[in-house]
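Visitor: Guided by the hints, dock chain B onto chain A, whose structure is given.
Each protein sequence line maps, in turn, to chains A and B.
Quick note: the first sequence uses the numbering used here, first residue 1, plus one each step.
Quick note: the second sequence uses the numbering used here, first residue 1001, plus one each step.
Because the hints were derived from the structure by calculation, they are not lab data.
It is possible that part of the hints are untrue.
To be verified - In silico EDC-like pairs for lysine to aspartate or glutamate, Cα to Cα no more than 20 Å straight-line: (1) B:LYS1323 x A:ASP173; (2) B:LYS1452 x A:GLU485; (3) A:LYS41 x B:GLU1097.
Residues per chain are reported as follows:
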Amino acid sequence: MRRTPVAVLAVSLATLLPPHPVQGQAGTQQQPPSTAGLVVKGKAPVSNAVLAVKLPHPQEATLANGLRVMVLEDHRLPRISFQLMMPGAGGYYDPAAKVGLSGVTAQMMREGTATRSSQQISQALETMSANLNVGSGASGTTATMSGGALTENFAPLFDLAADILLNPSFPGDEWDRLKTRTRAGLVQQRTQPQFLAQERFSKVVFGDHPGSRVSATPESLDAITRDAMVECHRTRFVPDHALIAFAGDISLAAARTLVESKLGAWKKAGVAKPAVTEPAAAGTAKGYLIARPGSVQTTFVVGAQSMTRTDPEYVPLTVANRVLGGTMGRLFRHLREEKGYTYGVGSFFSALEHRGQWSASTSVRTEVTEAALNDLLADVEAMRTAPVPEKELNDAKRAIVAGFALSLESPEQLLGYYVQSWLYGLPADYWDSYPALISGVTAAQAQAAASKYWDPSRLQIVAVGDAKITDTMKKRGALELYDAEGKMTP
Amino acid sequence: MAASVRRLVAASPMLLVATLTLGNGFGTATPVAQTAIREVKFSDAKLKNGLRVIISEDHAAPVFAIAVNYNVGSRDERKGRTGFAHLFEHMMFKGSENVGPGEHPYLIFSNGGSMNGTTNKDRTLYFEILPANQLDLALFLEADRMRSLEITGPNLDNQRQAVQEERRLGVDNQPYGKTFEVRDELAYENFAYEHSVIGSMADLSAATVDDVASFFKTYYAPNNAVLSIVGDVDSKVTLEKVRRYFEALPSQPAPAAVDMTEPAQAEERRTTIEDGLARLTRLDMVYKIPPSSSPDADALQVLGTVLSSGRSSRFYETIVRQKELSPSVNAFPGESRGPGLFTVIGIVTPGKAVADLEAAIDAEVERVKNGPIEPWEMEKARNNARSQLVNNLGSALGRAITMGQDALFYDQPGRLNTTAARIAKVTPEDVQRVARQYLVKTGRTVVITVPKPAPAKGGL
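In isolation and in its complexed conformation, chain A is listed as follows:
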């Protein structure tokens, strides 16, 4: 295999990152309080250079119907993938009584077209081992159609994709079947403590804002009709502000020809660019307990609203979050490696067109519920009250920057960066400057972001577990109780 067209320079980024210091046995003393889970002997040979990767840029064009075409050409392997992003078609814009409408509309699109049955579509796709999915999340703003095939099969795959996009027939019998399968899934997901916790947490953090939606419900499924899906498809799955992005063994010219020939009938609807509103600030921080009979663990989700993707504090919070709840971060070292409370713990955040959410989550055995929650909250608070020591901060930044080299293996992953830029309106050179942005974060900036977003007065605490932890949870103040159906109980 020939070398990638991607230019790769192995240089020491002295200007971006201080060299990785070799640390002796005593090095642990400059670590934060929760370091019993990690001892750095500093004897392993680490290359101080960070591979500075020059990311390839996609080529782009805009078609007459408003559709943006993006191509990341890469001929290393004989395969092509695509994703079509349709703003306004996501579950965010579903009517409140029909949560999940765009999701089932998307699923129904591959259940039959004017000329193909559900079976014929499945057989055609799977015989050539191609892949095609249409999906729309309950709270996201866009619906997505994505697919891929070996180069030799990409034209027939795209033909099928165009038919599904333009001519879905929404057959009534297939809709009845999808409803049956979906209902079984709605029952199944309530057995998962992580689902129950996230469902309540999203509700608490976002209130009635569409960002709170996690799934269709039995009631919303009953309210959705075939007519509603037809209308949703006709008015919201439109090209006006959409993007189709290709990665792999294809040029912009070829992609453009393919799109123009197969999607020529996809007409501009003349709709305005869909807007989002910010969620209202969440209420006073409280505790929430979902009683799950038979639970042998307590599952926690603790957190608050975060920020938009273009907020300048996104970068410092990314670094702070990596220190706290990233891989081998403080929470992991403390709650798992030192205390043995849990198998896994971490913190995560989303930053969207509207404010997203930040949370730390873990599952611990019932007996250590109180101690684990106290330790978790103490680690969050330590990020606010003390600056991250220099080495720990540099390690976290280096982890993010050096990790870019790994993404060069996958054109799909690289394309994902640019799709993100398109979705959130990031500057064209955003990913080129991202390593410098991350490297430039100071301990003071990370601390300031932590102080603001992780203020204890904002942190909602959701627990799923045995009802016997009720008194433990009440020690922290006001507590609302729910059952596993998500209904409030006295």
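Guide: Below, chain B without anything else, positioned relative to chain A:
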């Protein structure tokens, strides 16, 4: 759980990552010329101490992956020490002579890499993927723990707790969590495969520091492992480095071979269990099949594809779509060095009967045995195999793991180069023959998991 995987990774969902999707072949109209898929080249060496070293250069991206497959899994455990191979895997991250507890993962992640370890019945696997300039780091870390693992009481207690939480998370707090254990205990008579990888709470509590030390000496010897490296490396330089880091490690007497003999099963085994966390009934059926090294393994693979791969499969079309007896039914032959299982799992749709689901599955199995298999179904299986290969070519880590494991299981590190051709040789008659031979009621075990009626309001 057939395999228990450590999840150290808790990265923030920073990026929208497109699903890696692949296609292959052409099924319905005129055949399209198949793109030639390049062969994976590699070197295969054995150090003086018996360590097998596979190296495959690929300069497509500035990364490399390293996998160490140790020839030990839960099948090597003895009674009273179940869960030990996996507990030991956790200990491999708790420090060695020159690497502190937790330092190994910390160094990998803080240098932009990723890593993990995983244990199943047949092997224990450790792997890292890193930027190309960190080859020495990876080799040093793997060699240091192969040579000088530090085994202390506090570290053992700590990881015992982590594993017990892993068991709670994955088994005791999950619907159908215990179904796998009940199924294997009933299906197998030989202890090697009869017990679960995660092990029992009591056995985990009983493990001692001496147990860990002797396990390390016996199984974590260089002659009991395969080291595979794939990516942006120079083969010659890399082999020299491997010699420098690993060749001085002493070999050990080979561990005693595990007796994998499984008595022939003469009649169907069946049980029903209650599950307090489940809400829908589930049907699990496993049929005894030969080890994956058997000449029948490829036909069994195609059989799994015909029955349950995707929405064009027979199970989906008839049982899920037409009869609506289940929201999903899966069927697949598990990869296994010893006597294997062909597994069928289906959830029962609310309001439907498990007996009807079982009858519908049986009817489809009989239809494969006695009726025609369509040309497109064979083509789908062939294209899936090609597709899987191209997938593997896009991932250095995928190849490092596959090549190391194939060296260990089949003594064929380059087996991935022949898979598509082997699958292409399977005929419809082969598929019918293996279905008739192995998917028989006298050779199967059936476990039905039913939801336990809810206890008093509010839980226990």
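Visitor: Hints first: check each against the structure and report whether it holds.
Guide: Okay, the hints, checked on the actual structure:
Simply put, B:LYS1323 and A:ASP173 have alpha-carbon atoms about 12 Å apart, close enough for the 20 Å limit, and the pair holds. Among the hinted pairs, B:LYS1452 with A:GLU485 is consistent with the structure: their alpha-carbon atoms are about 17 Å apart, no more than 20 Å. With a C-alpha separation of about 9 Å, the suggested pairing of A:LYS41 with B:GLU1097 holds against the 20 Å cut-off.
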